[in-house]
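Read off the chains here:
Protein chains: 2
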Amino acid sequence: MTLKGRRETVLKIIVQDYIIGAVPVASRAIVDKHGLEVSPATIRNDIACLEEEGYITHPHHSAGSVPTDRAYRYYVELIGENIELPSGEQYLIYHLLQETREEIEQWLKLAAAWLARVVCNVAVITSPGTTRSRFKHLDLVALQDFVALLVLVLYGAKVKQQVVAFDRRITQDELTQLANKLTSIYAGMASSEILANKVELSPEEKQVSHCLVKMIAAEDKLEYGKPYLDGLHLMLSQPEFANNPKALNILEMLEEGSWLGNISCRGLNKGEIKIIIGEENPEPPLQDLSLIISPYGIPDKASGIVGVLGPKRMDYAKAISSLNYLSLLLSNSVAEYI
Amino acid sequence: MTLKGRRETVLKIIVQDYIIGAVPVASRAIVDKHGLEVSPATIRNDIACLEEEGYITHPHHSAGSVPTDRAYRYYVELIGENIELPSGEQYLIYHLLQETREEIEQWLKLAAAWLARVVCNVAVITSPGTTRSRFKHLDLVALQDFVALLVLVLYGAKVKQQVVAFDRRITQDELTQLANKLTSIYAGMASSEILANKVELSPEEKQVSHCLVKMIAAEDKLEYGKPYLDGLHLMLSQPEFANNPKALNILEMLEEGSWLGNISCRGLNKGEIKIIIGEENPEPPLQDLSLIISPYGIPDKASGIVGVLGPKRMDYAKAISSLNYLSLLLSNSVAEYI
DNA sequence: ACTTAGCACTCTCCCCCTTCGATTGCTAAC
DNA sequence: GTTAGCAATCGAAGGGGGAGAGTGCTAAGT
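From first to last, the protein sequence lines are chains A and B.
Be aware that the first sequence starts at 56, since it is given in the numbering used here, and climbs by one per residue.
Be aware that the second sequence starts at 56, since it is given in the numbering used here, and climbs by one per residue.
Check each hint, because a few of them may be wrong.
It does not matter which identical chain is used: a pair holds within one copy or between any two.
Here are the simulated DSBU-like cross-link-like pairs (lysine-lysine), alpha carbons at most 35 angstroms apart as the crow flies [said to hold, decoys possible]:
1) Lys215 x Lys325
2) Lys236 x Lys301
3) Lys215 x Lys88
4) Lys67 x Lys236
5) Lys59 x Lys325
Note that these hints are calculated values from the structure, not bench results.
Sequences are here, hints too, so could you generate the full structure?
Structure, rendered in C-alpha cells:
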C-alpha cells in the first residue's frame, strides 16, 4: 500500500498545495513550484496512476488534482504524529496557561481560544471528567427555610450544584452536620456504590443521598460533558464554506452539544492522536470535515479530550503538533490538582 | 409623528408581509391579500408619502416596498408590549421548567433552547447575577497535601471554584474549620466590605480571604457574565444570511462573549422590554439586526437579561410575547430560591 | 381633494451564447 | 520511462435579449 519515489512526492505535493491554496493543483504547478526535474507530462502519468489507486480526483475533466480522503490518510501517516510545535509558540501558550493555573475552567477556555487561533479552525476541549465520577465532598447551604443548595464536589475538581427542597424546616447547623456525615460515608464512591450502601439514614439524609446518586449518574452519562468550543467563525471563514448551506448543518450539530459522545476514544493512550478524515466520521454532517483528537489527563481518573475540527483540507502538521503540545500541558496541569 | 387611517394600515401591512416573506412588498399584493377596497394606484400614492417620510425604501427603482428601521420602530410602538403568548405555548414552557426547577443552569439552558425555537432566532439569557455579588458560603476541599479546592457560594445560588495552594500541609479538618470561620465572618458581604473588614486572621485565612475578594470582584466585573446562547443556526438560516459574509462578523462577535456588556439595561423595570432596531445598536455587527431584551429576577439582588437577537425582519409580536412570559417565569423561579 | 385606469419606463432575473484560458488525456516519438 | 505536441474538455466570465414584475406619472373621473 505504500507508494514509492516520485509518486509519493507528487501525492505529498498535491496534498500540501491543496491544503494551502484550496484550489485544484495543476501538473505544471507541481513541477514549477517544487523544482522537479521532469516535465508536466510525466507528472500527469503519475497522477493517472494515483487516480486509478483512488488517491486523486478531479472536480471536472480538465481541472487539476484534488486529494481524496485516502490521500489525506496517506499523507497523515506519512508525516507521522511526532511533530514538534515551534518553541516560540510553545512558550506562548505555556505562559498563558501558567498565569491562570488556579482555575480549571479558565485554562480550558484559554486553551481552546489559543488552539482555535493557531489552527484557524474549531477547537474542542472537554473538561477532565473522571470516566466514572466519584464522590469527593458535599456541602449544603441554606437558601430558605425549606430549601437548600446542594454543592457536590467530584474527583477531578468538578463542582455540581442543585437546589433541594425539604419537607420540614431545617437549619444551617443541621445541614452542615448532614453534609459532613454523608461526606465521610460516601468518600470516594461512584454512584452505584452509594446506591448499594446500606447505612441507616434519616429521611433528609435519604433525600440528599438520592439527589447525589442522580447527579453523579447524570455526570457519568454525558461521558464528556459539553465541550468548550472556540473558533467557529475561523472555520466557517474557510473557502469551502463560502456560499455553502452545509455550514448550517455543522453549526446545528455543534450547538446541540452531544455529537462528541459518538466518537470513541477507546484504545487511545495519553500522547496518542486519533485522526478521523471525511467519511471515516460516523456523523453525516462531519463527513466533509476532519477531526483530530487526543486524550489528556490521567486515564480512568480525570481525563478529557482536546481536538481540532476543520475542513479535510486542514493543516494537519500544525494541528497535530499543537495538539501534542497542548495535551501534554493540560495533562501536567491536571496531574497537579487531582 | 403618528400616521392616520389607511397610511398606517398600509405601513403595517408592508412590515408584516415583509417579516413573513422577506421579499419587497408590491402594491398589488397589499390590496389583494388584505381585501382593501382601493386600487393599487391609491396604495402607491400612500407609499410615495411614506417614502418621503422615511418609512419605506425600495431596493431599486421598480421593486416593491421594504420597511426602514423607522418603519420597524413605528410598528413595534403600534403593537405595544402587552402581547400575550398563546396559552398552549405558555403551558409547554411552564411545565418544561417545572421539571428541572432544581437546577438554575438547567433552567437557563432549557429556556434558551425553547426561546430560540419559538422565535427561530438567537436566544440570549444571562445568569441572574446580583448586581453586587455578596458572599454567602465558603467551602474548602483538600485536593493534595498543600492544595485545596475553594468552593464559593454567592447570593443568587451562584457557585464559583478555584484551586488554592498553601505554604504548609493542611488537613481537611483544618480546612473545614477555616471555611466555617470565614463563612460566619463574611456572611452577606460584598467584596469591598470583606476587604475593609479588620478581623485578625491567620496567614492561611488571609490567603483564602484574599482569594475570595478577587473572585467576588471578578464576578462583579463581568456584569452579566457570558450569556447562554442558543439558536445560532436558526438565525443564520434566515434568507438575509444566505451567501452573506456579514454572518461571519456576527458569529465572531457572539463567540467573543462580552458584546452584551455594551448594551445598557438601565432604567428598565421588571416586565418591561427594550427593543433595539438596526442602527440603534451601538455595535456595528449588530446594526443589521434587532435585539429585544427584558430583565428578569429581583432588581439589585439577582437579576439577569433574557433576549432575542435576529434580523430586523423578525416576528416582533412573537418575540415580545415570548419574552414577556419567559421573563415572568424566570423571575418567579429566581424569587423562590434567593 | 381623493381615487382610478392606463401606459411607459425601469430594473432584475434567467437563459443562452460565446469567448477565453487553463488543463488534461492521448499519441507518437525519443 | 520520459517527453513534446496537440486536440478535447470544462468552468468562469461576459454580453445580449426577452420576460416579468412593479413602479411613477399623467390625465380623467368622482
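Should Lys215 paired with Lys325 be assigned to within, between, both, or neither, using CA atoms and 35 angstroms as the limit? Both, since 27 angstroms and 30 angstroms are each at most 35 angstroms.
Intra/inter-copy verdict for Lys67 and Lys236 if alpha-carbon distance must be at most 35 angstroms: neither (64 angstroms within a copy, 66 angstroms between copies)
Pop the pair Lys59 and Lys325 into one bin, within, between, both or neither, using alpha-carbon distances up to 35 angstroms. Within one copy, since 32 angstroms is at most 35 angstroms while 72 angstroms is not.
Intra- versus inter-subunit Cα pairing at 35 angstroms for Lys215 with Lys88: Neither way: Lys215 and Lys88 sit 56 angstroms apart in one copy and 55 angstroms across, limit 35 angstroms.
With identical chains, the pair Lys236 and Lys301 could be close in the same copy or across copies; at 35 angstroms between alpha carbons, which is it: within, between, both, or neither? So Lys236 and Lys301 fail the 35 angstroms test inside a copy (54 angstroms) and across (57 angstroms) alike.
When held up to the earlier numbered hints, the structure conflicts with 2, 3 and 4 and fits the remainder.
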